[in-house]
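Trainee: Residue numbers (the numbering used here), protein chains in the order written: chain A, 27 to 329; chain B, 117 to 302.
Worth flagging that the hints you see were computed from the coordinates, not collected in a lab. Note that the Cβ used here is the ideal one computed from N, Cα and C, for glycine as well. It cannot be assumed that every hint is accurate.
What the hints assert, rightly or not - Stretch-level coverage of chain B by chain A, calculated; a stretch enters the list once three of its residues show a Cβ under 8 Å from a Cβ in chain A: (1) 178-190; (2) 212-225.
Said to hold, decoys possible - With a Cα cut of at most 30 Å, we get these calculated DSSO-like pairs of lysine-lysine: (3) B/K165 <-> A/K167; (4) A/K247 <-> A/K325; (5) B/K302 <-> A/K225; (6) A/K102 <-> B/K190; (7) A/K167 <-> B/K190; (8) B/K258 <-> A/K157.
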Amino acid sequence: MPMVQILLVYNKLDQQLAKGGIKIKTIKTSVITENVARMAQEANFYLGADVMEAFKKAYESEVSNTGKEILQILIKNAEIARDEQVPMCQDCGYAVIFLELGQDVRIEGGDLYEAITEGVRQGYTKGYLRKSIVSHPLDRKNTGDNTPPVIHTTIVPGEHLKITLAPKGGGSENMSAIKMMKPADGVEGVKNFVLEVAKNAGPNPCPPVILGVGIGGTMEKAALIAKEALLREIGSKNEDPVMAKLEAELLEKVNNLGFGPQGLGGRNFALAVHIKTYPAHIASLPVAVNINCHAARHKEVTL
Amino acid sequence: MTQIRLTTPLSDEDVSKLRIGQQVLINGLIYTGRDAAHKRMVDLIQAGKINELPFDPKGQIIYYVGPSPTKPGKVVGSCGPTTSYRMDPYAPELYKLGLKASIGKGKRSPEVIEAMKKYKGVYFAAIGGAAALIAKSIKSAKVIAYPDLGAEAVHEFVVEDFPVVVVNDTLGGDLYQEGIKIYAVK
Ligand code: SF4
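Make a model of the complete structure from these sequences and hints.
Mentor: This is the structure in structure tokens:
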């Protein structure tokens, strides 16, 4: 079909859709790339206000002097990163992307995932961020531009595209764990597993940490909701009152282990415990604990 | 808290005096290395090619770090410690050759702790994730070996009052074990 004719067909289609009350929003891939590149840098330079607030609260409550000093240093570190626009941590993370794509959105200008990948490439290069991705887990050659990202997409009603970029450090990811428990293990089993993961992690994931706990679903779903739980604002309350109580109880329990900031002793090993649940199979109780370090980075934009 | 100033190279006496929990400010030259550089160094040692090592480990400190790229106008990128256990399989060989200290974050294996007792070495923790702040104590940086490894290349840093905490001393003490005992609620 000649170009003019194609355009006419599209125009007609748009008119018809508009008549039917359906709006289609067009988003250009170039805009997506720009936003991803910007967020990759901002996430690494600017620590969220909720984390800063949590550092200050932890400083007030910390009983160990070394612990207090560490928290002060972390506040100072975040300020230097912000003022000098340098990454707060040398591990600028795996670029994990959550996409919420409205079903009435049309992407124009090419491949959506390629546009995101290009954004990661540009952001990590322009921002002098460390490139930490190897192309194959066994032959381990660095890709040189921190691509590819890990992309999780959800299709939702509406005409928007929400992009969340959460750089994830290796040190804390390595201490995360998943367990397929028996339904009979129940809530006590879940508590014991979370404590076991925290104990095993100790100083390695750069405490103070945030624990994302995913309960239910299938194996991969539990891991995914555990990661999603890390995106919740620190200090916000779980909508489910029973889970809110469990979060508070777990936070107290992990902090009572005595690891403290950096695992050098103290009462602020974790700044928060965030739980997310999903319906489970009658035979299963999957539990995933995703640990995030104090460099809890994420930025989002809605286009 | 009192801080102890140390300048490299370190002697057996320098490190034997240190005790877990002490804060130390390091001055002088230190070397960097992560997994890949360690593997190459230990391969050389095992092949008997000690004179081909990027630096003589005797009296030196190795810092487990892979800095972020250096921004124009800066000495070095952000450079906080990486998790040390990944270097555990290699560390005893280096302590045996006279390495006096390593800097990282996180627990060491019983084998490394044993090697530190035997050869008089210590392990320091730097603050994980305080990478922008730590970069301030690095006054000059250059790659001295394995540039093909990028961030994992061996760098030589000149440091001034680089802040660390003694986690394992020459007596086999372990701050990660002792520190939590004081604060754990039974
Ligand atoms: S665990 Fe987090 S804070 Fe620690 S080194 Fe890795 S990214 Fe940085």
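Trainee: Each hint needs a verdict: does it hold in this structure or not?
Mentor: Status of the hints after comparison with the structure:
1. For the stretch 178-190 of chain B, the stated coverage by chain A holds: 8 residues have a C-beta nearer than 8 Å to a C-beta of that chain, and at least 3 were required.
2. Residue count for the stretch 212-225 of chain B with a Cβ under 8 Å from a Cβ of chain A: 3. That meets the three needed, and the coverage hint holds.
3. Under the criterion of a C-alpha separation no larger than 30 Å, the hint pairing B/K165 with A/K167 is consistent with the structure, at around 26 Å.
4. Note on A/K247 and A/K325: the hinted pairing holds, with a Cα-Cα distance of about 22 Å set against a maximum of 30 Å.
5. Distance restraint check for B/K302 and A/K225: the Cα-Cα separation of roughly 14 Å lies within the 30 Å cut-off, and the hinted pair is therefore satisfied.
6. A distance of roughly 18 Å separates the Cα atoms of A/K102 and B/K190; the hinted pair therefore holds under the 30 Å criterion.
7. For a cut-off of 30 Å, the pair hint linking A/K167 to B/K190 stands: about 27 Å separates their Cα positions.
8. Simply put, B/K258 and A/K157 have alpha-carbon atoms about 19 Å apart, close enough for the 30 Å limit, and the pair holds.
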